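Residue numbers (this note's numbering), protein chains in the order written: chain A, 225 to 531; chain B, 335 to 628.
Hints in this document: simulated from the structure, not taken from any laboratory.
Computed from a predicted model, the values in this text were never measured in an experiment.
Hints are not guaranteed to be accurate.
[As the list claims (entries may be wrong)] Derived lysine-lysine pairs resembling PhoX-like cross-links, with alpha carbons at most 25 Å apart:
{"#": "1", "chain 1": "A", "residue 1": "406", "chain 2": "A", "residue 2": "529"}
{"#": "2", "chain 1": "A", "residue 1": "406", "chain 2": "B", "residue 2": "430"}
{"#": "3", "chain 1": "A", "residue 1": "526", "chain 2": "B", "residue 2": "506"}
{"#": "4", "chain 1": "A", "residue 1": "406", "chain 2": "A", "residue 2": "526"}
{"#": "5", "chain 1": "A", "residue 1": "254", "chain 2": "A", "residue 2": "295"}
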Amino acid sequence: MPQSQRIALVVMVALIAIGPFLFFPVFLMKVLCFALYASAFNLLLGYVGLLSFGHAAYFGMGSYLSAHAAKVWGFTPELAIATGGLTGMALGAVFGFLAIRRQGIYFAMITLALAQMVYFFCVQAPFTGGEDGIQAVPRGHLFGVLDLRSDFTLYWVVAAIFLACFLFLYRIVHSPFGQVLKAIRDNEPRATSLGYRTDSYKLIAFVLSTTISGIAGGTKAIVFQIATLTDVNWPMSGEAVLMTLVGGIGTMFGPALGATVIVTMQNELAEFGAWVMVIQGAIFVACVLAFRRGMIGELQAKLRKPL
Amino acid sequence: MTELWYDLEPFLQQGTLGLVNGAFYALLSLGLAVIFGMLNVINFAHGAQFMLGAVVAWMLLSYAGIGYWGALILSPLLVGLLGVAIERTMISRLYKLDHLYGLLLTFGLALIIEGVVRNQYGVSGLPYGVPDAFRMPPVDLGYMLMPAYRFWIVVVSIMVCLGTWYAIEKTKIGSYLRAAVERPQLVQAFGVNVPLMMTATYGAGVALAAFAGVLAAPIYSVHPAMGANFIIIVFAVVVIGGMGSIMGSVVAGYMLGVVEGFVRVWWPEASATVVFVIMAIVLLLRPAGLFGRK
Chain A
225 MPQSQRIALV VMVALIAIGP FLFFPVFLMK VLCFALYASA FNLLLGYVGL LSFGHAAYFG
285 MGSYLSAHAA KVWGFTPELA IATGGLTGMA LGAVFGFLAI RRQGIYFAMI TLALAQMVYF
345 FCVQAPFTGG EDGIQAVPRG HLFGVLDLRS DFTLYWVVAA IFLACFLFLY RIVHSPFGQV
405 LKAIRDNEPR ATSLGYRTDS YKLIAFVLST TISGIAGGTK AIVFQIATLT DVNWPMSGEA
465 VLMTLVGGIG TMFGPALGAT VIVTMQNELA EFGAWVMVIQ GAIFVACVLA FRRGMIGELQ
525 AKLRKPL
Chain B
335 MTELWYDLEP FLQQGTLGLV NGAFYALLSL GLAVIFGMLN VINFAHGAQF MLGAVVAWML
395 LSYAGIGYWG ALILSPLLVG LLGVAIERTM ISRLYKLDHL YGLLLTFGLA LIIEGVVRNQ
455 YGVSGLPYGV PDAFRMPPVD LGYMLMPAYR FWIVVVSIMV CLGTWYAIEK TKIGSYLRAA
515 VERPQLVQAF GVNVPLMMTA TYGAGVALAA FAGVLAAPIY SVHPAMGANF IIIVFAVVVI
575 GGMGSIMGSV VAGYMLGVVE GFVRVWWPEA SATVVFVIMA IVLLLRPAGL FGRK
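Put together the whole structure using the sequences plus the hints.
See the structure below:
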């Protein structure tokens, strides 16, 4: 790991460690869930160049299945969250297989359409509870021992999940496999001519990303003890894009910072209702027109070091 | 024979009603295809502009007393002008970048438009009655009675789609347009103002969306989310039809409306998802779309 990233990692871990002594743990857990979600999304957009506009499907279904596993099947929280991850993996394998058949703009439209299909399924399927969602999901005992009803205890579990997945993503991006992904992003025909089966690489990256999105959704369900249609609807897909864009596409730490900024903004502006939507739209427009590198991206360009 | 007819009749009826939805799919995917062909931008705001067309029609009626026929002309004009302003100030800066930025920008615009309408009028529907001219007995098609207004939607949308196709494929301006799609620099060198054509194309595409919105106002309730619901289905329609040809996107629009109608008879719960399922099947069998070129 280059020094700049090592410093950034230390800063991030330090912030996570002192966070709960300064802010509400529930708020921080929300930030961590979305940071994970955005980081998983960024694996595709930032390192393979694939814009998925349907990540809500994996986040939301992960959330639903985790909630269902914890509440109805009586799974312990770690197994419930793993169920969410497996859901994201299975769904991602099917949808990814379909979507990678087209490139660029079509890929975005296909993933969006497939995600909307999942949304319509969730509106009608009985197990999701329709408009009510799955409520009163028990947090349970970690490994059957550690009681997670206290926000403070749960926070450290969520922080551990986030860090483990974040380091896993870092490992993927900086592995030989990740090098091939970046080669595909920069020039797919050349990667093909070097003998790589680019479709397999794209599919594996897609499934990795959706698995982690499912884990993020499942963790969110356990933290807030609820899974709803909001988690699976298209604005949720847009949030992953927005957080990544604000933080910096194709940077390791950008999506997490972007998620922090956006979640904080949503919390602060919650009382203004639909204006949040307008402001998020305005941030989108402003970022695309004038701030395409994002916060970490700008910092990276200034320092000339990877972050 | 009569028994077979009884089995078929509901399919025919629902298929015909499905043409109404298909009319909107066709109008919207036509606008998307025209804009994409010329600007290489997927206009995510298309749904929001469709909704805005309906809302402006409602506003014209409530604040200015201008009725349906006036709105059918004025609303597309106003929303189209907004489109022109958007293209000039924002989209035109993105032509040199990756296409994805156009999608992200227009997604942001869609959020802004929907959010503003939501703040102003809330999430519940605004009532917009069927115009007086259509308060007449339903049209008798032999196998069913079709409400006059729905009949009008199908007729007018077919006319508009054919008109647009004719304008692009058969007129002189259309030939400039097609030439500019293939070789913008060359066409510009011949003295054609290509940037102006791009602005006009975007404005016209947006106006088309608003026109569809006014058409939709009397039969769907006018509310902020109406555009988003439609546009995602229309994206699937576009993937199925392929954006290569104007005719392809229009035909795919009507076809899917009809298929949706059939499915409503046979398995009502699936009618919301059938378009997406068809999209998945088309991707497996013909990844470039039914009418698309690879």
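| field | Distance restraint between residue 406/A and residue 529/A, which requires alpha-carbon spacing of 25 Å or less | value | Satisfied, since the Cα-Cα distance of roughly 17 Å is no more than 25 Å.
| request: With a cut-off of 25 Å on the C-alpha distance, tell me whether residue 526/A and residue 506/B pass. | output: 51 Å, violated
| Does the structure keep residue 406/A and residue 526/A at a Cα separation of 25 Å or less? | 22 Å, holds
| Taking only the CA atoms, is the gap from residue 406/A to residue 430/B under or equal to 25 Å? | Satisfied, since the Cα-Cα distance of roughly 22 Å is no more than 25 Å.
| Within 25 Å, alpha carbon to alpha carbon, are residue 254/A and residue 295/A? | 20 Å, holds
Checked against the numbered hints given earlier, the structure breaks only hint 3 and satisfies all the rest.
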